[in-house]
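Going down the list, the sequences are from chains A and B.
Take the first sequence: its position 46, counted from the start at 1, is 46 in the UniProt record's numbering, and no numbers get skipped.
Take the second sequence: its position 215, counted from the start at 1, is 215 in the UniProt record's numbering, and no numbers get skipped.
Since the hints were made in silico from the structure, they are not lab data.
What you are looking at is a predicted structure, and each value in this text was computed from that prediction instead of being measured.
Cβ atoms here follow ideal geometry from the backbone N, Cα and C, with glycine treated the same way.
Incorrect hints may appear among the rest.
Only some residues are given here: those of chain B computed to face chain A with a beta carbon under 10 Å [claimed, not checked]:
1) 136
2) 186
3) 201
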Amino acid sequence: MEPAEVEFLAEKEPVTVIPNFSLDKIYLIGGDLGPFNPGLPMEVPLWLAVNLKQRQKCRIVPPEWMDVEKLEEIREQERREDTFTPMPSPHYMELTKLLLNHASDNIPKADEIRTLVKDIWDTRLAKLRLSADRFVREQETYAKLDNLTLMEINTTAAFFTESLNHMYKLRTNLQPSEGAESQEY
Amino acid sequence: MADELELFEQGSDAGSDEVLLTPAELIHQLEEAWLNEKFAPDLLESKSEIVECVIEQLSHMEENLQRAKKGDLKVSIHRMEIDRIRYVLSSYLRSRLLKIEKFFPHVVEKEKLRAKEDPSALSPEEFAFAKEYLENTEMFLKNVTLKHMPPNLQSIDLLKSVPQPNLDSFVFLRVKERQENILIEPETDEQREYTVDLEEGSQHLIRYKTIAPLVTSGAVQLI
Numbered sequence: 001m002e003p004a005e006v007e008f009l010a011e012k013e014p015v016t017v018i019p020n021f022s023l024d025k026i027y028l029i030g031g032d033l034g035p036f037n038p039g040l041p042m043e044v045p046l047w048l049a050v051n052l053k054q055r056q057k058c059r060i061v062p063p064e065w066m067d068v069e070k071l072e073e074i075r076e077q078e079r080r081e082d083t084f085t086p087m088p089s090p091h092y093m094e095l096t097k098l099l100l101n102h103a104s105d106n107i108p109k110a111d112e113i114r115t116l117v118k119d120i121w122d123t124r125l126a127k128l129r130l131s132a133d134r135f136v137r138e139q140e141t142y143a144k145l146d147n148l149t150l151m152e153i154n155t156t157a158a159f160f161t162e163s164l165n166h167m168y169k170l171r172t173n174l175q176p177s178e179g180a181e182s183q184e185y
Numbered sequence: 001m002a003d004e005l006e007l008f009e010q011g012s013d014a015g016s017d018e019v020l021l022t023p024a025e026l027i028h029q030l031e032e033a034w035l036n037e038k039f040a041p042d043l044l045e046s047k048s049e050i051v052e053c054v055i056e057q058l059s060h061m062e063e064n065l066q067r068a069k070k071g072d073l074k075v076s077i078h079r080m081e082i083d084r085i086r087y088v089l090s091s092y093l094r095s096r097l098l099k100i101e102k103f104f105p106h107v108v109e110k111e112k113l114r115a116k117e118d119p120s121a122l123s124p125e126e127f128a129f130a131k132e133y134l135e136n137t138e139m140f141l142k143n144v145t146l147k148h149m150p151p152n153l154q155s156i157d158l159l160k161s162v163p164q165p166n167l168d169s170f171v172f173l174r175v176k177e178r179q180e181n182i183l184i185e186p187e188t189d190e191q192r193e194y195t196v197d198l199e200e201g202s203q204h205l206i207r208y209k210t211i212a213p214l215v216t217s218g219a220v221q222l223i
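Just chain A, same shape as in the assembly (with noise of 0.2 Å):
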């Protein structure tokens, strides 16, 4: 999957917004949104407020676990144990992207939270391909995944899906009734 389709997954998070209109009750397909007051807080989807961020007339509230000293007890806490901690949301790298680009004047302190998250996420992806390694030395064939998030898989799995197949390909001899592309075309 591209990145572009975790972060359309991502964009369906409800995040807080503090409209500056007012807007009846909206009927969605996909569920009820509103009735939108100035200075009343409401939870709407993160493309909703993106894109009311854009055309200012919302201001975001950050998510809770949007802040340096929360994330900094995740960075310690991510580089103190062996396995993958619990993130705050599964989406978090995908929320900091979308919220530092388009509200970063809503977020105390955009440019630490940046680098924190960022942090984070470099110490994970580094347990992911040792990880990796380990399941390729020992020619597994299940491995269980938890507290990873869905961008995290994404940035490896087609690549190392792939690598397993031509693996496992090459260590069967797959016979050449099947496997064998001879008509290719």
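Using the hints, position chain B against chain A.
Quick look at chain B alone, frame taken from chain A:
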């Protein structure tokens, strides 16, 4: 808009029972079908009921928007939602067409061998497409090369020359309903097979063929 839709869904127990879905649940099911189709190596069961209901919802909404006045904030929000749903829908259908093009002789063969009471993996439109694709490919090969070959080399068995879906390939999944005793086959002869339990909400990397029935039944979600 909160009224419930009727959806005839073919359950895994072969009987078709009527399921009531809200539009939000319908969209959710479309998204799940989309991801499963994207990641599964073979062509999954067609979800034509879901597709039809979604199309109906979309055109219904389009009609309503025609009547609304332009430039309204509400209208633009509705448009954005429609665009998002339409993207998922077309991406879903497109990934099915891609697989049909890739595995067409096998897809058509499977459809021919299917027992009457089994649910079809293809929608009628997809079947027509697969058949036509098969005919056109055969015609093309014949006109371009085969007819210029010596007589004993003029036939071609597409079932043997087009690769089958690789069911041994690995997939990532998230468990929706707890499963026990999933047998993990060893990769090498020195290793032993063992079983694992899949807890609800947990994520795994596993061979597709091990869990293929669970994808069809909806107990796991490919990611």
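Go through the numbered hints given earlier and state which of them the structure violates, listing their numbers in rising order. Result: hint 1 breaks, nothing else.
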